[in-house]
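Q: For this one, chain V is given, so just place chain U on it according to the hints.
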Amino acid sequence: MNTRVKVALLWLLVPVSAIVLALVVSSLVLIIIGENPVSAFRSMASYGTQPNSLASMVNRAVPLYVAGLAVAIGFKMNLFNIGVEGQYRLAALLSAAAGAAVSLPAPLHIAFIMLVAMAVGAFWAGVAGVLRVKRGVHEVVSTIMLNFIATGLGAYLLANYLRKPRLPNELIIQTRPIPPSGGLPSLAVVGGEDLRSFLVIAIALGIVVYVLIWRTRFGYDLRATGINPEAARASGIDPNRMVVRTMLISGAIAGLIGMSDLFGFFHAYTLDFPTGLGFDGIAVALVGLNHPAGIAVAALLFGWVDRAAQILDLEGIPKEVIIITKGVIILSVVVAYEVVRRIVQAQEIKAAAEATRKLEAQKEAVAA
Amino acid sequence: MSWAAVDTAQVEGEKGRRLEARRILYLLGLVILLLSAVRSFTGASDLTSSGTYGAALRLGVPILLAGLGGLYAERTGVVNIGLEGMMILGTWFGAWGGVEFGASWGVVLGILGGAMGALVHAVATVTFGVNQIVSGVAINILAAGVTRFLSVIAFTGHGGGATQSPQVTSSLPDLTVPVLAGGKPFGWQSPDLLGWFEGHHWFLVSDVAAMFRGFMAELSILTVITLLLVPATYFFLWRTRLGLRMRSAGENPVAAESLGVPVYAMKYLGVLISGALAGLAGAFLVLEAAGIYREGQTGGRGFIGLAAMIFGNWRPTGVAAAAGLFGYADALNLRSALAVHALLLFVAIALLALGVWYLFRGRISAGLLSGLIGVLVFVWYAVTEDVPRQFIFITPYVATLVVLAVASQRLRPPAADGLPYRRGQQTA
Numbered sequence: 001m002n003t004r005v006k007v008a009l010l011w012l013l014v015p016v017s018a019i020v021l022a023l024v025v026s027s028l029v030l031i032i033i034g035e036n037p038v039s040a041f042r043s044m045a046s047y048g049t050q051p052n053s054l055a056s057m058v059n060r061a062v063p064l065y066v067a068g069l070a071v072a073i074g075f076k077m078n079l080f081n082i083g084v085e086g087q088y089r090l091a092a093l094l095s096a097a098a099g100a101a102v103s104l105p106a107p108l109h110i111a112f113i114m115l116v117a118m119a120v121g122a123f124w125a126g127v128a129g130v131l132r133v134k135r136g137v138h139e140v141v142s143t144i145m146l147n148f149i150a151t152g153l154g155a156y157l158l159a160n161y162l163r164k165p166r167l168p169n170e171l172i173i174q175t176r177p178i179p180p181s182g183g184l185p186s187l188a189v190v191g192g193e194d195l196r197s198f199l200v201i202a203i204a205l206g207i208v209v210y211v212l213i214w215r216t217r218f219g220y221d222l223r224a225t226g227i228n229p230e231a232a233r234a235s236g237i238d239p240n241r242m243v244v245r246t247m248l249i250s251g252a253i254a255g256l257i258g259m260s261d262l263f264g265f266f267h268a269y270t271l272d273f274p275t276g277l278g279f280d281g282i283a284v285a286l287v288g289l290n291h292p293a294g295i296a297v298a299a300l301l302f303g304w305v306d307r308a309a310q311i312l313d314l315e316g317i318p319k320e321v322i323i324i325t326k327g328v329i330i331l332s333v334v335v336a337y338e339v340v341r342r343i344v345q346a347q348e349i350k351a352a353a354e355a356t357r358k359l360e361a362q363k364e365a366v367a368a
Numbered sequence: 001m002s003w004a005a006v007d008t009a010q011v012e013g014e015k016g017r018r019l020e021a022r023r024i025l026y027l028l029g030l031v032i033l034l035l036s037a038v039r040s041f042t043g044a045s046d047l048t049s050s051g052t053y054g055a056a057l058r059l060g061v062p063i064l065l066a067g068l069g070g071l072y073a074e075r076t077g078v079v080n081i082g083l084e085g086m087m088i089l090g091t092w093f094g095a096w097g098g099v100e101f102g103a104s105w106g107v108v109l110g111i112l113g114g115a116m117g118a119l120v121h122a123v124a125t126v127t128f129g130v131n132q133i134v135s136g137v138a139i140n141i142l143a144a145g146v147t148r149f150l151s152v153i154a155f156t157g158h159g160g161g162a163t164q165s166p167q168v169t170s171s172l173p174d175l176t177v178p179v180l181a182g183g184k185p186f187g188w189q190s191p192d193l194l195g196w197f198e199g200h201h202w203f204l205v206s207d208v209a210a211m212f213r214g215f216m217a218e219l220s221i222l223t224v225i226t227l228l229l230v231p232a233t234y235f236f237l238w239r240t241r242l243g244l245r246m247r248s249a250g251e252n253p254v255a256a257e258s259l260g261v262p263v264y265a266m267k268y269l270g271v272l273i274s275g276a277l278a279g280l281a282g283a284f285l286v287l288e289a290a291g292i293y294r295e296g297q298t299g300g301r302g303f304i305g306l307a308a309m310i311f312g313n314w315r316p317t318g319v320a321a322a323a324g325l326f327g328y329a330d331a332l333n334l335r336s337a338l339a340v341h342a343l344l345l346f347v348a349i350a351l352l353a354l355g356v357w358y359l360f361r362g363r364i365s366a367g368l369l370s371g372l373i374g375v376l377v378f379v380w381y382a383v384t385e386d387v388p389r390q391f392i393f394i395t396p397y398v399a400t401l402v403v404l405a406v407a408s409q410r411l412r413p414p415a416a417d418g419l420p421y422r423r424g425q426q427t428a
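Protein sequences appear in the order of chains V and U.
By the working numbering, the letter at position 142 of the first sequence is numbered 142, and the numbering carries on one by one without gaps.
By the working numbering, the letter at position 324 of the second sequence is numbered 324, and the numbering carries on one by one without gaps.
Chain V with its partners taken away, still in its complex shape (with noise of 0.2 angstroms):
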């Protein structure tokens, strides 16, 4: 078999034995606690592959498949942006006051408040990117501690600059409305399901990504820091203008993340809006192994397993079962990942050390 196909395999192998690992785990839960895994996958199934829960699916799955990049992106050069919660919180909270702030045509307004998200986002990882630089100040310890100084300044704001004049008795937190101008059309109903239009945009989002990694001189110069930061220094490559480059490009597409549902559900920052998926974006970005392509379809894997759960309740089964599903792919796709990647770097090492031996070999021919 060819060496690439035969290692692309083993790539695969990854995904597939995570899942399998958690559909047993998950059976054995159901087990023990009395219920039948069968009948649970199988109405799981039935529901799940219904017309208005394919929609919701691809709903869900795309803040998902946004933040699965924007983590992604720093992966590639082994660089943890753990903040990506913290900057797409704040993004959506002051793109949104951004939004409801000013009046313009309709395409303009969206771009609009998709820059303010994107610079907000970019700004706030910025904060970690020139720490690392210029401090030494590991991003993970700052991305972390910039994720809660995030959402105590998000609370300060919205409670006392951004936060739409309430009327007498109600109650409700939030920022004032974006008008319709800034906000998208559903793209199809589909069984009654609104299918977010906001799905385009990170479609095209993703093949900017993918070109962004595998087709610049950026991307490459980021990949080669990612797999040998020394010998990507030796090779003229700056390390630091790459941490505060890579770190804007990820925060600017975490400020995206909530986009989906400002433009499509909400039309404002509330305190109902979705909290959470930075950190999900990072399983997104690890069991999708890096890649857009990837990311899409485990993006869309947690999106179908968070709506089919959804029957499990009806039928009296707890559908947190599923969170463990989950966190068994993400743990067990971690470490097949270690496992692959060892004995595909002990392959190289031994095909190199047989490639040098027959170049030995043939020289020593020649010279005879």
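Hints are computed from structural coordinates only; laboratory data are not their basis.
Keep in mind that this is a model prediction, so the values were computed, not measured.
Any given hint could turn out to be false.
Examples of chain U residues lying across from chain V (beta carbon under 7 angstroms, computed) [to be verified]:
| id | residue |
| --- | --- |
| 1 | Phe41 |
| 2 | Val137 |
| 3 | Leu142 |
| 4 | Ile153 |
| 5 | Tyr264 |
| 6 | Phe303 |
DEER-style ranges, computed between Cβ atoms [as the list claims (entries may be wrong)]:
| id | chain 1 | residue 1 | chain 2 | residue 2 | range |
| --- | --- | --- | --- | --- | --- |
| 7 | V | Leu12 | U | Thr127 | 22 to 28 angstroms |
| 8 | U | Thr384 | V | Arg135 | 53 to 59 angstroms |
| 9 | V | Ser181 | U | Val383 | 39 to 45 angstroms |
| 10 | V | Gly276 | U | Ala255 | 41 to 47 angstroms |
Ideal Cβ placement from N, Cα and C applies to all residues, glycine included.
A: Chain U alone, transformed into the frame defined by chain V:
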């Protein structure tokens, strides 16, 4: 600044350490003096009340436990971002044990719950060589999910629900030092000497009495154990053979292995102790602070513990100081908005004094910067009536970032902290 100086002590050895201890004592004395001055001037009695010190202790304990947990893992070279998740497991198992078998079993199960999370982390990072950050993040996600699921099957329909447990009715014993801090040992109403001093609001005398009373009245047994863990950790890691081996795994695993230290075992031990302490922190939150398990109860304290560990320069006394500081800020925030506002005055004066000190030592730019920030804080104090609560919430995180940004050259994490290690590798 003590965190920067701790490092010098490490280099200069015993003599330096004794000088250092004296300097820290002087500094502590100055802080208490300044606090009582600000208290008398502003009339914000909660700034130095025994209630505030007691609350600071209660709020600081989980942070301290998590911080010490982080210390054990990182001293063996394993970064533990999963502290938060292990603490979450500690809260759930602590509550379940407390409800089913009583509070002391809650403590045991909380510790075991945290250690279980740590075992996953150790298997992934040490045995399989998975990136430590990745594994930690995965454990945080997994812990939140597992506890939600467990709550649904164990608490729903038994007086709790998917996000909270039934009330834990049994409790752990409290300690109060009789004669000095009151209490009722064996039904005898003891005098409360320190409380009497505190009640008179005499400058300095009452403030010091209040501090001691806060550390002597109604102490949970877990608080006492936690405080004892600080010197115990120092002794264990720096004065025993096993401790030395554990630290050698975090400083230079290749050299340690060549000398026959079982590096993997040391790392396992460090991570397991780390998880056990985080689990104990979770159990404390449930059994001592709230009396009930609620989802999200940890509120990022695992991460604050991590911050305290960095702030404390990877040393037990430093971690304790940082945890105390964060706990104090939390306690003031809970008890009195007036005192939080008065604290601004304290910070302003302290920064100005620091600025003068820098100028005196010839560090012009540092002195001017410190003085300028001091003036700004003073203006803030003068023109506002209170401090937004959210600002107190972010204080530990901002403080940690500032310390890292200003003093990262002075901090000294273990040399091989966070680096993957495979048995038999040739170079670090």
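Q: Are the hints correct? Go through all of them and say.
A: Going through the hints against the structure:
| no. | hint | result |
| --- | --- | --- |
| 1 | Phe41 | violated (28 angstroms) |
| 2 | Val137 | holds (5 angstroms) |
| 3 | Leu142 | holds (4 angstroms) |
| 4 | Ile153 | holds (6 angstroms) |
| 5 | Tyr264 | violated (16 angstroms) |
| 6 | Phe303 | holds (5 angstroms) |
| 7 | Leu12/V / Thr127/U: 22 to 28 angstroms | holds (24 angstroms) |
| 8 | Thr384/U / Arg135/V: 53 to 59 angstroms | violated (30 angstroms) |
| 9 | Ser181/V / Val383/U: 39 to 45 angstroms | holds (40 angstroms) |
| 10 | Gly276/V / Ala255/U: 41 to 47 angstroms | holds (42 angstroms) |
In the structure shown, a violation is registered for the earlier hints numbered 1, 5, 8, in ascending order.
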